[in-house]
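Start from the sequences, fold in the hints, and give me the full structure.
Residue numbers (the numbering used here), protein chains in the order written: chain A, 1 to 575; chain B, 1 to 292.
Keep in mind that a hint or two might mislead.
Some chain A residues close to chain B (C-beta under 8 Å, calculated; not the full set) [to be verified]:
#1 F74
#2 D76
#3 F77
#4 L79
#5 E160
#6 D243
#7 D270
Quick caveat, the hints were computed from the structure, so don't treat them as lab data.
Even for Gly, the Cβ is constructed at its ideal location relative to N, Cα and C.
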Amino acid sequence: MTYFPEEVVEHIFDFVGSHRDRNTVSTVCKAWYQVERLSRRTVFVGNCYAIRPERVMARFPGIKSLSVKGKPHFADFNLVPYDWGGFALPWIEAAARRCPGLEELRLKRMVVTDDGLELLARSFPNFKSLVLISCEGFSTDGLAAIATYCRGLRELDLQENEVEDHGCQWLSFFPDSCTSLVSLNFGCLKGEVNGGALERLVARCPNLRSLKLNRAVSVESLNKILARASHLVDLGTGSFAVDHRTDAYHTLMNSFPKFKSLRNLSGFWDASPCCLRAVYPVCTNLTVLNLSYAPAIQGDDLIKIICLCFKLQKLWVLDSIGDKGLAVVASTCKELQELRVFPCDIYGAGTTSVTEEGLLAVSSGCPKLNSLLYFCYQMTNAALITVAKNCPHFTRFRLCILDPGKPDPVTNQPLDEGFGAIVRSCKNLRRLSLSGLLTDQVFLYIGMYAEHLEMLSIAFAGDSDKGMIYVLNGCKNLRKLEIRDCPFGDIALLKNVAKYETMRSLWMSSCDITLGGCKALAAKMPRLNVEIINENEETDEFEENLSDLHKLEKIYVYRTVAGPRNDAPDFVWTL
Amino acid sequence: MDGDEGSSAESHVSGFGYEETKLKLAPPYSAASRAGTEHHDRQRHRDLSVESPEDPQNARQRKGGTEGEREIEGDEESSAESQVSGIGYEDTKLKLAPPCSAASRAGTEHHDRKRRRDLSVESPGSQASRRGKPRPPSKAPVVGWPPVRSYWKNTLRSRTFVKVAVDGTPYLRKVDLETYGGYRQLLTAVQAMFSSCFTIDNGNRLVDLVKGTEYLPTYEDKEGDWMLIGDVPWKMFVSSCKRLHLMKSSEAVNLVVSISRSLLASINSPGDNDLNNWFSLFQGDKPKDKPL
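Below you can see the structure in the form of structure tokens.
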């Protein structure tokens, strides 16, 4: 194949889609490396500190789409200090210099500033799509810049970001000539938006298919918007609360039947049961329903709506649905692939919540179920074993028993056997989160059976170093390992150091790792960044005097070709 | 939606030098204790009696007996003051403003929660100790547990559904206080819910035009005390209100009479129209010119 002209090779590579395949292809020989790098259009950087942005842009000058992830996953749960890092600006600057053809930028868990957004908006004339997930550091001023300068913008998707509210006018900055929007999601914004500007924007964008409003958008405003946007496929409803005796309510009730294409519904922040009735006419076509922001909708009303959703593929609800509601899901939603059940009351034992019964019902009723996130107060081995038998197709299985270290309430045993059954049965399992009382045994099972596991999250589990060692020695495809509050120490950390270069990252907090152990790891593996996150102010000044036996609160270890990072704050030491 | 009224009231009165000009019967004290005493002030609104200085030990017991209040941060400083000037100190204190904002109290509560969390993080032990270790009680908060996104947690936590009961009606309703910007909007919403019972008249009173009876809006706060709506800044009200009760005015007579006029006047701060309107309910008049 080395004798084929480059154009032919390039054409063949067009059919090589996935990042990993393309990465592999590029290592075959220099010629292929060259062809591949010049024809690559999409680049995914899983850890923004694994490589310098300039190197990425230099290698792939023709990229149109860039995705970058920043902070470790546990940052979602406040375990990573606020100013740890993950800055987007260097990436935007490097792309602006080298890759002006960029059309799409997706950032997750990064710090994005208004300056960065403005630079982005001004630097890429063909920019089409901005997706920010769990980011922070910017305000509505940055959004105004995007609206102003990104002619031809198709997608602005803001998911669960912390955005500072500097006023409602940013939407008005979309010029009248902007008619290209296909997807607009500002659900995470806390402040009001200019209702008139929003309505006019929706009216002049005939290709708009996805619109997700924030909580501040009232039903009156929603009604006006819905009147102009009957081709919507995906709707986030805004507050969805209105008194049932008003005109707005009656208009709402009559709005939905015309939405023949509507497939996804979310929002419902303040929805009451009688408002929820408005969407019954579209339920039969829904594939995605997210009611996890609607605590006012209790079990029985949830059941009423779910009864109608027999094409549902993805359902996110609060645990107020109860086992009874999950039984209805099981009997109605035969196409269900993903289920997420979130806890309503996270500070105490809930009045209504879900148990192993609900999960059992769904596992036996929904044959296509492959992705689960389930918060509950108890789980039994027997249930997990049955679930494993019913659903061998799980790719993502995340179970969170809210009381850390809780055993099987029936047998008082650890949940090793239950999770063991899951990993044995689900041969395609890629992501697993454990909870409940667990010994080293479960890690033995995971190491032995979870061949395709890529991400493992462990909390309050295990007895000794052996647990972690089983995992590191066993899971061939492990990419991300995150551990908190487990009795794993230096022996486990240092047992298989080469493993970490095959992984994206390792997070350990509140374990038994010492400074000496980390130093040893850093010495053996120069291509890892061994970061120690030390928030204890007393030890700041005495860094050199810390004994090697000093136990470390948080460490983050990741492979990198960029060396120690130059933007680390004071409390982060890279060994 | 963010409690405009509360914040404008407090910013108006908590201006520079305000604290210094406040008339007090005791030496100035720290911010922490101020948070505590403001809390006690609210308790004292209904208790007119001026007591002679008492032993702080007894004072605290007495407080516990009559008000059923809980110890909060700042208790110690405030009881030290009562040592100086007696339990009736709070009652006789002339103030130019409503009690201080919810921010300080919310701030201390937040710190409390944070401290509790940090202290109770379960540390991994040796094999032996882990096995035999009693599990922490399920309500002990742990940092970052349960693993839900803080964004989502914040979105859900801002729920303040409270029951609304109206004398003479068989059914209760529920309102989410967070959806209202202030007392006026709450009043309007409640009236809409119970439109068959009463309307809002020009003096912003809740009246049943047919029978001529008046309804007084009261609420139960976190300590279990029944308070008249409108005393405190809106945000503070939202964080402390557990349920609403609209009482027919004939039954509320005791409540009304027990509030001292001087306290009313002092709380009737300039520029805070909503609070004025509420107080017109039991002053029996239209809102007057502000006294100060």
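Problem set entry | Structure versus earlier hints, numbers of those that do not hold, lowest first | none
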